[in-house]
Amino acid sequence: ELKVEQNPLFLSMQEGKNYTIYCNYSTTSDRLYWYRQDPGKSLESLFVLLSNGAVKQEGRLMASLDTKARLSTLHITAAVHDLSATYFCAVGANRDDKIIFGKGTRLHILP
Amino acid sequence: DTGVSQDPRHKITKRGQNVTFRCDPISEHNRLYWYRQTLGQGPEFLTYFQNEAQLEKSRLLSDRFSAERPKGSFSTLEIQRTEQGDSAMYLCASSFPRVAEITDTQYFGPGTRLTVL
Numbered sequence: 009e010l011k012v013e014q015n016p017l018f019l020s021m022q023e024g025k026n027y028t029i030y031c032n033y034s035t036t037s038d039r040l041y042w043y044r045q046d047p048g049k050s051l052e053s054l055f056v057l058l059s060n061g062a063v064k065q066e067g068r069l070m071a072s073l074d075t076k077a078r079l080s081t082l083h084i085t086a087a088v089h090d091l092s093a094t095y096f097c098a099v100g101a102n103r104d105d106k107i108i109f110g111k112g113t114r115l116h117i118l119p
Numbered sequence: 004d005t006g007v008s009q010d011p012r013h014k015i016t017k018r019g020q021n022v023t024f025r026c027d028p029i030s031e032h033n034r035l036y037w038y039r040q041t042l043g044q045g046p047e048f049l050t051y052f053q054n055e056a057q058l059e060k061s062r063l064l065s066d067r068f069s070a071e072r073p074k075g076s077f078s079t080l081e082i083q084r085t086e087q088g089d090s091a092m093y094l095c096a097s098s099f100p101r102v103a104e105i106t107d108t109q110y111f112g113p114g115t116r117l118t119v120l
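Protein sequences, first through last, are from chains P and H.
Residues 9 to 119 in the numbering used here are what the first sequence lists, from first letter to last.
Residues 4 to 120 in the numbering used here are what the second sequence lists, from first letter to last.
Same shape as in the complex, but just chain P:
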């Protein structure tokens, strides 16, 4: 059974700092997603990663995928307050169309 683990689950950091959120998954998969969720709101798609070594960047966020290690990272560069949110990674279950979510990383950026 596919399991997805994120760490840390909670992260408080100061503006201007860099940090990385990690997502490990337990079985092989052909796709990985990162979503953002603001309090009381729905999920916003950030990245889709489909191949080993894939790297995608949008603004201060960069996601990468290592399928051999079953690991994805979401790197935050020079954090700003607007990036405060919960970030979820989700992994596609092979031969299946559902995706399994991690518990999320609640990111709080202090001014």
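If you're looking for bench data, these hints aren't it; they were derived computationally from the structure.
Possibly wrong hints are sitting among the right ones.
[What the hints assert, rightly or not] Below, in silico cross-link-like pairs of lysine-lysine (BS3-like), each with a Cα-Cα straight-line distance of 25 Å or less: (1) K74(H) x K111(P); (2) K76(P) x K106(P); (3) K74(H) x K106(P).
Keep in mind that this is a model prediction, so the values were computed, not measured.
Given chain P, work out where chain H should sit, using these hints.
Positioned in the frame of chain P, the structure of chain H alone reads:
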């Protein structure tokens, strides 16, 4: 607005009552998914449809839960004899089939927050 829509946005009900939620996917998407999210957790998969066919149901979906997508467009999720443990955010998402990166992403609606008293 061409995004996924859900109705109602909030529902408060008493234990034992039946509730029904509606989801309207993005019009050209033929896949539709239901998830449940409780406080502090990630969304948990419940079921999904391709067109009108329900292709998978999670073990989380007890006999009290039923979902339909009669014409392959909107979908309904009904919970019978609600229990306090059913209190959660119910999220709907839609997507194209997995044929290309840009069409694989699931787009989520705003959710229906259910409170069972």
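Problem - Enumerated hints in conflict with the structure, sorted upward - result: Checked against the structure, the only hint that fails is number 1, while the rest are satisfied.
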